[in-house]
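Novice: Okay, here's what each chain looks like letter by letter:
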Amino acid sequence: MQKRAAEQGTIVIELENVAYSYGGGELLSSVSLKLAPGSFHFLTGPSGAGKTTFLKLCYGALVPTAGQARLFGQDVREMTRDDIALVRRRIGVVHQDCQFLDHLSMAENVALPLTVSGHDPNSEQQNLTELLNWCGLTPRANALPPELSGGERQRAALARAVIMSPDVILADEPTGNVDWEMSQRLLQLLVELNRMGKTVMIATHDLGLIRAAKQHVQARVLRISNRRLQLAGADL
Amino acid sequence: MSLRDQIMALLSGDGSADRVVPPSGFTAHLTLFAAGVMTFLAVFALALSLATGRLADRWGDELARASTIRISAPPDQIQAQTEAALRVLDTTEGVSSARALTTDEQRSLLAPWFGANVPVEALPIPQLIEVIETSDGFDSAGLRLRLSAEAPGAVLDDHTRWRRPLVAAANRLRALGFLSILLIGGAMAAMITLAANAALAANAQVIEVLRLVGAEDRYIARAFVRRFTLRTATGALVGMLLGIVAILFLPSAQEEGGFLTGLGFQGGQWLWPILLPPVAALVAFLATRRAALRVLGDLT
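Residue numbers (the working numbering), protein chains in the order written: chain C, -4 to 231; chain L, 3 to 302.
It is possible that some hints are incorrect.
Stated by the list, open to error - Here are some of the chain C residues that sit facing chain L, going by a computed Cβ distance under 7 Å:
(1) R84
(2) D92
(3) Q94
(4) L96
(5) H98
(6) L107
(7) P108
Calculated directly from the structure, the hints in this document are not laboratory data. Computed from a predicted structure; not experimentally measured. Quick reminder that beta carbons are idealized off the backbone N, C-alpha and C, glycines included.
Just chain L, with the same shape it has in the complex (with noise of 0.2 Å):
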């Protein structure tokens, strides 16, 4: 019998195979609540990594297009070279757009340092020129080089220097998320290995029985595979369910898109979780199965 045939077998289910065993109340609720609590944590490890996918790819892609412009000059040059420098940028291969940010945005950048009633106007603060770059990019080095004779004040800012750790550190953070998922697929399959030891070895003379009588191995493996693999779907199920709901109860992302708070599934990434369950099961299976087989192997 194949695998594919023997998961057909377990649940189209054989009532007979399950009833041989008899029921361990407490081995069962272990089971259970190990395969929860996995679950539950899965949820997390699981939001994390694609709250984190999410974050890199975002960065990656504005700040990727995205650039800054500085002019610090003597104020009555500010303005000539603010122009100068759009002139520049106007002509540049590779920029889709340069504009000047008006007063009203330079003060709302600064509020957060400065209290939102800042005279930016009495302030010798730079103007900031705000890039946008086209898929192709441009050449920072010729841009600089054109910059410098145009407009000496202007200092372009190309991101790259903080955006790249930046997006470093999210792809790490993703891996380890899913990183853990893994950790926590191998836990629980260590802890359904035991589980099922321990079963196997309490119900060693109902084996020694079942053996006398004819049962194939496959027979007497597949009373404890399914009794192990129905727990901890339920289990899981159940984990599943509350890490959602835990999910769905965090405070939703503020603007400013703070990392923490945007911990979370989006759109169809809801789907993942669903397949937690199934997997947990499937983890169950191979582990119970082999665990089975295995302390069977050793019989005579």
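This is chain C alone, in the form it adopts within the complex (with noise of 0.2 Å):
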């Protein structure tokens, strides 16, 4: 995977200038950002300040009003939709308000990346089966989503983002519904993951997170501010 993202140069996610807005003034403007492989961003602001749009900008969700986003190397503007779609096997997204498919156990779901890219779930039983382990949800890999707990939820959302082995995983707001130490838990996975050279960008306000994750890894933290995004300082 870290072969891959390197054969492409070696940023995997480009923002040049990028602005967006919906409509009725800019939400974002001027954003330039490059992620190189390997790296631990938090990206944080106060609620409605856009960090949901600029994760959306990053797995290529929403195209830039102005500027340019490159996903890999491609300019998301020359990206057909099957060209996002292949995009999202390498970008490993756990969405804030994680969906599944309702009527799929949860085991089914986190394997759902497998089964819609075509490999055969069955020969990929035993990466499935450590996975799970590894998040702590065997006890559960056979429950439907609405019978899980919001802790549950997020971890198997992390499971779904993980298990095509992505270069990048982004999460939004990963700790939003859970407790502080399932919130550490779920820390201790993303960063057990960038160390294993994923890059790596959770949209958080929780500072404290935040400060926790900096005892264990080398973390850079953006805010956006005023639409646009800075590199916070040191003194967090």
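Assembling the complex is the task here: the two chains are given apart, and the hints tell you how they should meet.
Specialist: See below:
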């Protein structure tokens, strides 16, 4: 995976003077960022500042209204819908409101990226078992998503985001609905993934989480304020 | 992937794509029902077209080659004029055979109007001569002239006057039958498109999740297309079987060859309705695929 990112140049996600507007004033403007492989970023800022919008620009769900966004060297504007779909297999996303297919078991939901990309989930059964075990979800493998607790849903969403062994993991408020202990476990999972070489970006407004992470990993903190993206100081 | 590959992939089956869309009982039954009803109707439209087609061909064939000469003359001259007319016909180019109808035949022709025991001999009815043409036909104007010279009481009725509108009507009916089949196909495509759009709208969240985890449009579309195609094929199969059974139970044609009772299939024509389910499935495939790709194209 690392090698694949390296072949495309060192930058996995690159935003250049990007602006985004939902119509009626820009939400983000003049945003520039280069995510290098293996980096660990936090994205913070007040609610409604545009954290989710920023992440959506990073995985091609939104096309910038100005400026350029490049995913693995490809300009988002020139990508077809299927190009975007293929890029999503290399970018694992943990949604804020982790959505699942409610009629499939949790294990099948976690394996969904394999299913839709044409892999045979049976041949990856061992990986799936290990992953569920690693996330502490094994006992709940056959539960349907509505039966899961908030923490279990967050961990299942994370497991689904990483099952394809993506180069990048984007997580939007992954600890939003869980208690402190659970948020520490989730953070631990993300830190371990980063040590395996994955690029990680976590959007959160939980400063405690950021402080806790800084003890384990060299993380940079980006802050969205006044429609701009700034590198926050060390004094956080 | 070409259209053909997609159809093959669809037939060979991909259970996983099927599983990702939750089962939906109600619309499934409606699709089955609509496909069944439409195919049932199509069987009748097909039967109508083929039966009127047969009728048009037969009328066209038989009537084109048969004419009648009617000899009205005083009773003492009828025999002489009949013989004179037959002599003229014998030497007319384009006449394959000609014969005077016997008294019994004339009586059976009149029986429907006067009853079976008409004393035909006692009535001043004209003598009829049946003329069968060769495939080239004869010159009716020339024949009339010669007849008027030899047998002044002879009137040639070459049937074209009343044949043409009948054949035209039968042909028109056949065209209407085929048009009905096309309209039924169109209505079925419209219904399936509506059902597919409803299913796509109801599963907007499923589509969003699939898109999020990197499913290509083709994969998402296939989940819906396969489902609707199989449903339609099943419904159409049932509708076709019921339609065939209904046709089988129609009373068979009487000797008079009544147009209504002749509705049905003959010989190789029974193969036509068997084509309806595959055609219905193809219509469903194309309609759902178009609907799915259009809906997906509008999403981000």
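Novice: Work down the list of hints and note, for each, if the structure agrees.
Specialist: Consistency of the hints with the structure:
1. R84: Since chain L brings a Cβ to about 4 Å from R84(C), closer than 7 Å, the hint holds.
2. D92: Status violated, d = 11 Å.
3. Q94: Holds: closest Cβ of chain L sits about 5 Å from Q94(C), inside 7 Å.
4. L96: Holds, about 6 Å.
5. H98: At 4 Å from the nearest chain L Cβ, H98(C) passes the 7 Å test, so the hint holds.
6. L107: holds, 5 Å
7. P108: holds, 4 Å
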